[in-house]
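For reference, the chains in residue letters:
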Amino acid sequence: MDSVFFYCNTGKAASSKGALQKMKIALQPNISVTGWPTEAGSKALAGFHALENAAVVEKIAGEGAEITGYTRMSEFGFGLKDSMAGAALKKNAADAELVLDLAGEARLSAARAGVCGFKPSYGLVSRFGLAGLIPSMEAYGILSAQIKNIRDILQAIAGPDERDSSLPDEKTPELKPAKIDPAKTTLGVIKDILKEMPAKEYESFEGKLNEFKKDGFTITELTFPDFPQFVAVHKIVGSVEASSCAGRYDSVRYGKREPGAKNWNEMYLTSRGAAFGTLLKSYLIQGAYFQFESYSAYENACRLRAHLVSQMKKLTGQADFLILPVVNKAAAQNPATLAETYAQFIYTAFANVTGQPALYLPDKKGEGLQLTAARLADARLLDMGEHLIGGGEK
Amino acid sequence: MEFEAVIGLEIHIELNCATKLFCDCPNNPGDEPNVNTCPVCLWFPGASPRLSRAALEKAALLCLGLNAEIQPVSAFDQKVYYYPDLPKGYQLSQAHLPLSRGGWIDITDEDGRAKRLRVHHIHMEEDVAKLVHEMEGRKPVSLVDFNRAGAPLVEIVTQPDFRSPHHAMEFLKALRSQVRNVGSSECSMENGTMRVDANISIRPKGTSQMNTKVEVKNMNSVRHVGDAIAYEISRQSAAVQAGEKIVLHTRLWDPEKKVTTPMRAKFEGPCVPDPCVPVIKLSGAEIEALRARLPEMPAVRAERFVKQYGLSAEEASYLSTDAEVAVYFENLIKEGVAARTAMHWLTTQLIPAVKDKRQELTQTSVTPARFAALLKMLACDEINANAAREVLTHLFDSEESPEVIVRAKGFKQVSDRGEIDSLIDKVLGEQPAAIDDFKNGQGKALGFLIGQVMQASGGKANPKIIREVLAKKLGSA
Numbered sequence: 001m002d003s004v005f006f007y008c009n010t011g012k013a014a015s016s017k018g019a020l021q022k023m024k025i026a027l028q029p030n031i032s033v034t035g036w037p038t039e040a041g042s043k044a045l046a047g048f049h050a051l052e053n054a055a056v057v058e059k060i061a062g063e064g065a066e067i068t069g070y071t072r073m074s075e076f077g078f079g080l081k082d083s084m085a086g087a088a089l090k091k092n093a094a095d096a097e098l099v100l101d102l103a104g105e106a107r108l109s110a111a112r113a114g115v116c117g118f119k120p121s122y123g124l125v126s127r128f129g130l131a132g133l134i135p136s137m138e139a140y141g142i143l144s145a146q147i148k149n150i151r152d153i154l155q156a157i158a159g160p161d162e163r164d165s166s167l168p169d170e171k172t173p174e175l176k177p178a179k180i181d182p183a184k185t186t187l188g189v190i191k192d193i194l195k196e197m198p199a200k201e202y203e204s205f206e207g208k209l210n211e212f213k214k215d216g217f218t219i220t221e222l223t224f225p226d227f228p229q230f231v232a233v234h235k236i237v238g239s240v241e242a243s244s245c246a247g248r249y250d251s252v253r254y255g256k257r258e259p260g261a262k263n264w265n266e267m268y269l270t271s272r273g274a275a276f277g278t279l280l281k282s283y284l285i286q287g288a289y290f291q292f293e294s295y296s297a298y299e300n301a302c303r304l305r306a307h308l309v310s311q312m313k314k315l316t317g318q319a320d321f322l323i324l325p326v327v328n329k330a331a332a333q334n335p336a337t338l339a340e341t342y343a344q345f346i347y348t349a350f351a352n353v354t355g356q357p358a359l360y361l362p363d364k365k366g367e368g369l370q371l372t373a374a375r376l377a378d379a380r381l382l383d384m385g386e387h388l389i390g391g392g393e394k
Numbered sequence: 395m396e397f398e399a400v401i402g403l404e405i406h407i408e409l410n411c412a413t414k415l416f417c418d419c420p421n422n423p424g425d426e427p428n429v430n431t432c433p434v435c436l437w438f439p440g441a442s443p444r445l446s447r448a449a450l451e452k453a454a455l456l457c458l459g460l461n462a463e464i465q466p467v468s469a470f471d472q473k474v475y476y477y478p479d480l481p482k483g484y485q486l487s488q489a490h491l492p493l494s495r496g497g498w499i500d501i502t503d504e505d506g507r508a509k510r511l512r513v514h515h516i517h518m519e520e521d522v523a524k525l526v527h528e529m530e531g532r533k534p535v536s537l538v539d540f541n542r543a544g545a546p547l548v549e550i551v552t553q554p555d556f557r558s559p560h561h562a563m564e565f566l567k568a569l570r571s572q573v574r575n576v577g578s579s580e581c582s583m584e585n586g587t588m589r590v591d592a593n594i595s596i597r598p599k600g601t602s603q604m605n606t607k608v609e610v611k612n613m614n615s616v617r618h619v620g621d622a623i624a625y626e627i628s629r630q631s632a633a634v635q636a637g638e639k640i641v642l643h644t645r646l647w648d649p650e651k652k653v654t655t656p657m658r659a660k661f662e663g664p665c666v667p668d669p670c671v672p673v674i675k676l677s678g679a680e681i682e683a684l685r686a687r688l689p690e691m692p693a694v695r696a697e698r699f700v701k702q703y704g705l706s707a708e709e710a711s712y713l714s715t716d717a718e719v720a721v722y723f724e725n726l727i728k729e730g731v732a733a734r735t736a737m738h739w740l741t742t743q744l745i746p747a748v749k750d751k752r753q754e755l756t757q758t759s760v761t762p763a764r765f766a767a768l769l770k771m772l773a774c775d776e777i778n779a780n781a782a783r784e785v786l787t788h789l790f791d792s793e794e795s796p797e798v799i800v801r802a803k804g805f806k807q808v809s810d811r812g813e814i815d816s817l818i819d820k821v822l823g824e825q826p827a828a829i830d831d832f833k834n835g836q837g838k839a840l841g842f843l844i845g846q847v848m849q850a851s852g853g854k855a856n857p858k859i860i861r862e863v864l865a866k867k868l869g870s871a
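If you read the sequences in order, they're chains F and C.
Residues in the first sequence are numbered consecutively from 1, following the numbering used here.
Residues in the second sequence are numbered consecutively from 395, following the numbering used here.
One chain only, chain C, in its complex shape (with noise of 0.2 Å):
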């Protein structure tokens, strides 16, 4: 029998807010432990929660930036369970009235096709606390983190649209370029900044029945994430074909054997609405003046970038992604660079030396400016492309512009054609055999002359004009 994976993702998203959900310890759970903790926090006897502004704004604003439609009235509930890392006995959650419901995210399938993933809701809630276990001696003992404990996140629940290990992956590749353009979150599965929950059933192919699901956590990249579909669809249709019946639970995903392990029964404790922590209402008008902040989404300016600049969509794309990556782009070409060029060199040559040498593209000492003017000097044939590489990696070291780094170290450009001319009868006459294959119809010959001419320039000279030299000499030879 053949089957059909029906999948549905849960992803808890930390904002990265200065404070927590409801006091104003600082957000860093990464600290030593437990400095980030007040009697709010730590739930101490007349803590009062505070909801914080910020905190709803950027996840507001992670709302809208997922197409997802602000609920004019929402409110938090408690989520009623007992485990050392929930100070209070319950997490602060938003079961029954979410901030949002809806929202889609638009991806490519395998076919190459436009898929629409749908979102169902998305909820803000507060992190727990973060547990340690040790030995104290031979004695195991838990310690318990509280840095965490209150801390903003968000959990997008969305539809089960996806069917297969790629519409996840390409799921969450959006989300994250997307959140990461709201600027709410910068949504690392490595960091924990994202954490991702799939559910997974299967059902007979061409069927619309939805059957037990299997819930699988501890992913922590989108990589993993795709493998622990792909494995735990396989393992369910054997299971299915072996007569097995599926059991809702959940299921740990162990990167290293690449397999899918029982955990525990899906818990589902109450959701008793809070007393506490108002009922917060949104204005139309609160809501347009958040979507008013709201910067360019990737996929519309991908949109813009084939249309305004001519590129490929998947150029645009490409470029549309990160949003260091499109302002870098545009300022590139507000400095007057040519659209093709700018991309070009941004994505083969800039970006990976920045990434080479771990640095931001926001950060790095290579700003557009420098970077135009290196792109306008290989443009009017001042240097040559080797050249502008090599100058290229002296922008990184020091402060020169570009221009005093070329005459500094003679990467000018080579475009007399006496020069040229003298180079080639020069090279002609060491490499008779090269001749010889060319006129045997190599083509390949042709290329390793002009290289050959290009060393004895030391790299300066124009390779347009060598060409063009050395096709007359060796056409008229």
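So here's chain F without its partners, still in its complex pose (with noise of 0.2 Å):
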């Protein structure tokens, strides 16, 4: 155990063979390890062990990948508290991780680490053996400093599975590299975005716009309004789903049931009160509202999301590639209050709501890129950040 760590692979070595051979790559302890203790960071899960391997694991171990290890993570992912994201690639343990990505989180820990981030299209990889919070958002985020790791790794766990009925019934598309023509790329960047940004900051991206024009790309300006509704219609759907998806936390069949209660739903609140830590458990008391007392609000999010997938849509069809800001400077260091946590995320939650790639591209001034494509254009994505830092080397 150290900072990093939350469990050491002390077993034996993967098989030699295959895409992923030699390639060292930490988890976190959401993912499904046979006998690993998968407490996905919550005292809900104190002492258990997984029962069956996630099915990410069985495609990245089947493909010769040495699992390093769990890595520290947030409560079920959610933020960036107590989130040991990137740190392992960055003290050398890991030439990959993969990262739950509910709201942004991968991408922002790619960008604290200054590696690239990857979130595949939704539907994508199978989520059979992950712990998940918010089912329909979720996504395994990939970081590496490579985007050819990243690829390899995606060719590896993307694909069908029957035991995950969440995936979509389509052609898994081809994630082979290709080149990016810059003459006949266009890329897109959202007026409405870029007009709230701080000075400083609106600054340095009109900068790295003025040098994607130099390289020959056309740029074009479009308008998304109601882009801020990202973030408030993840909240509302994101919190009902988690509020449901931790409702099995119950302490009857496994977890960790406090002593004392004199009836089961005194055994409720007391075990699922010291479950729960105070951001999570706001996060499932704000979806346990809109479940009970606000349903037509929720309704209205949902309705709210097809709107904004809609739109999303049109967008993509106007740009090859949209480019986006990633990190909100303005926002809280730490957070601690769901607001805070929230405030993180405005520039990443889109992907998560609409389901679309989104790649977080470093640079050396630690001022990096967040790039995105229509669904399932995850290879072309990964060929545009391949294009833009040369096969990911720092």
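What the hints contain is simulated information worked out from the structure, not anything from laboratory work.
Please read these numbers as outputs of a predicted model, since none were measured by experiment.
It is possible that part of the hints are untrue.
Unchecked claim - Simulated crosslink set (SDA-like; lysine to any residue; CA at most 25 Å straight-line):
{"hint": "1", "chain 1": "C", "residue 1": "K524", "chain 2": "F", "residue 2": "A261"}
{"hint": "2", "chain 1": "C", "residue 1": "K473", "chain 2": "F", "residue 2": "K313"}
{"hint": "3", "chain 1": "C", "residue 1": "K473", "chain 2": "F", "residue 2": "A297"}
{"hint": "4", "chain 1": "C", "residue 1": "K675", "chain 2": "F", "residue 2": "D161"}
{"hint": "5", "chain 1": "C", "residue 1": "K473", "chain 2": "F", "residue 2": "N263"}
{"hint": "6", "chain 1": "F", "residue 1": "K262", "chain 2": "C", "residue 2": "L525"}
{"hint": "7", "chain 1": "F", "residue 1": "K256", "chain 2": "C", "residue 2": "Y477"}
{"hint": "8", "chain 1": "C", "residue 1": "K806", "chain 2": "C", "residue 2": "G837"}
{"hint": "9", "chain 1": "F", "residue 1": "K256", "chain 2": "C", "residue 2": "V535"}
{"hint": "10", "chain 1": "F", "residue 1": "K256", "chain 2": "C", "residue 2": "P433"}
{"hint": "11", "chain 1": "C", "residue 1": "K524", "chain 2": "F", "residue 2": "P173"}
{"hint": "12", "chain 1": "C", "residue 1": "K473", "chain 2": "F", "residue 2": "S296"}
{"hint": "13", "chain 1": "C", "residue 1": "K675", "chain 2": "F", "residue 2": "S165"}
{"hint": "14", "chain 1": "C", "residue 1": "K806", "chain 2": "C", "residue 2": "V721"}
{"hint": "15", "chain 1": "F", "residue 1": "K262", "chain 2": "C", "residue 2": "Y476"}
{"hint": "16", "chain 1": "C", "residue 1": "K675", "chain 2": "F", "residue 2": "G273"}
{"hint": "17", "chain 1": "C", "residue 1": "K473", "chain 2": "F", "residue 2": "Y268"}
{"hint": "18", "chain 1": "F", "residue 1": "K256", "chain 2": "C", "residue 2": "G853"}
{"hint": "19", "chain 1": "F", "residue 1": "K262", "chain 2": "C", "residue 2": "D479"}
{"hint": "20", "chain 1": "F", "residue 1": "K262", "chain 2": "C", "residue 2": "Y477"}
{"hint": "21", "chain 1": "F", "residue 1": "K262", "chain 2": "C", "residue 2": "R658"}
{"hint": "22", "chain 1": "C", "residue 1": "K675", "chain 2": "F", "residue 2": "A306"}
{"hint": "23", "chain 1": "C", "residue 1": "K473", "chain 2": "F", "residue 2": "P173"}
{"hint": "24", "chain 1": "F", "residue 1": "K313", "chain 2": "C", "residue 2": "P672"}
Reconstruct the complex from the two isolated chains, following the hints.
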């Protein structure tokens, strides 16, 4: 145990053959590995050991990856508090990390660690064996200094899995690398986001756009006045799903039960009360509020979500890639409340709401960019990443 | 004031699928506690539900059998509440987009008129675990058996079309017969594979208002449903007449005391669309393919029996209710037995005997072929009815054909006039009093004398010939 790892793999090395041969991959402890303490950063799962491997674990192990261990994570992956995502890469303790991306955690961790962070399209990777929190929005983020690693891992883990029936019945897209021709590529920027950016950040963002222009890309300005609604929708729908999802942690079948309760209602209150941390508890209570007290607000959020998805689809049809900022520098560094947590995700939550892929690319000055494209355009997004940072070497 | 009851039923039916609704665990709730469980039905972290195709098909067949319209799109919702029998804090059910809408069952009301009772919708849902409350020494403990958690259920929600206990009981009988007929469930209220909740309210007769309803649970037979509804109607009528207000709540039927007692306020939790189970889309072609698998429904079959075999409506309905009975009946006819004989002997002799021996019509050693052979011997006067009944008891215990049994046991009917003639003379000689009675106009005496002759023949004489000869002799005597 150290400050980065929650659990280190002491078992025998994986098979040496496969596309991920010799690649060291660190996981978060919400990704089931048989027999490992899959506690998802929560007391609710203290002492819980996974019964079977997650689909992604089967796949990366099958391709010869070496799973180094579980990194420390925030409770059920929500927010960045207590998360050590990206730290194993910085310390050279892993070549890549799989990190839950609920609202942008993987991309923001990548920004913090100065590496690439990729959130694949929803439905591309089986979530079987993931102790998740927001089923309709969550995805495995892949962190690595090199885009090639990210692509190799994505190729290994993408594809159908009959154990995850939330995967759409669609053909897995081609994920092989291809060249980007700047002359034939349009990059879109969303005016409504730029308008709200602090002057200094806008300047730096504009500087990057000028570089793209020099490179031969066409830049087009797009409008999306409803963009801020992504966070609002995420807050409501995400909290409702989280509240349902965490309902299973009731101390009846597994997890820790607080002693002394006089009846089972008390057992629920004391055990769940002791199990969850303050931030997650407030998120779950918010979700329960929408379920029990304000269902119509939840329904409105679902309708708004559908509207935002179709708006975004129009935008991704008008440009090959959209370029967005990723870090909200105005947000609190160590968020403790729901509001502070969501303030971190104002530029990232959209991709979880729509299910489209998004890629964080670092730069030497520590001011990276976020690229996104239409759902299932994952390979093109990685092509663009490789074009811009040349294979991903720092 | 005269009141009228407004009644609707909510009926849960456990589908007889091999596996549970969202995992491959055996659907055998009665096994040793907690053996039929897995990460999905225990909702371990990382578990993912997978809808069973077999359950969807059985549910859809059930809907089609009740004349319901399968919806092209249906989906699962989470019915949120916390209880130890619910492993994930919500039950997967179809609250917003049910599998089917509409449907009906036709029954015969108290006055013998046909009445159509409509179904509002039918949805699928998963069953919850079973709680067992015990004492561990002096400490009360609650044990949870998850064998039933995730078992496939459908819930049939009717329109409030019912006005009497009779309506509810007839509906349930017809429902049971139709669901058994499509093969989706045994629908046993005694074994809990069919559970009925009744929503009852009353209003002044002739008005159309909908008043606050009371839900009654815990009836474990069709008769109890009728009794509970009847009790609740009179209880509510008395309460209203005493100026009390009816409040929305749930009551339990107490079958021993024959009363309903208040249980709890009715709880309605929120229903949130489930993001994990995919939306169910059924194309018109898929629905038609399912419809093609439907067997003939009892009401349709009864109508056909009337037309095809000249049975009365009542006889036809009796033979059509259970698919096994109907199939057996038609097999007898295929073997060449006359419809009336088949109907009569099947309903008065074979079915009671099979029930008595705790066998099933489909499994009994008295196959349609063997029973038909027996009835054909009866039809051509080789044996008489007495002998046929005797032979039937032997058919259960022996592998022999009825012909062999008749020969071996000497059941062959005596139709030889000379032989019968001498038996009659012997009896008449012994019974002068009966002869006098007959001559004094007591018709019963003839029956008595026939019985005496039959006895003298060891039960083998042809009763038609006895009657004929006896009548002649008495008439001329």
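| query | Can you list which hints this structure breaks, lowest number first? | reply | Failing hints, ascending: 2, 8, 11, 14, 16, 18, 23.
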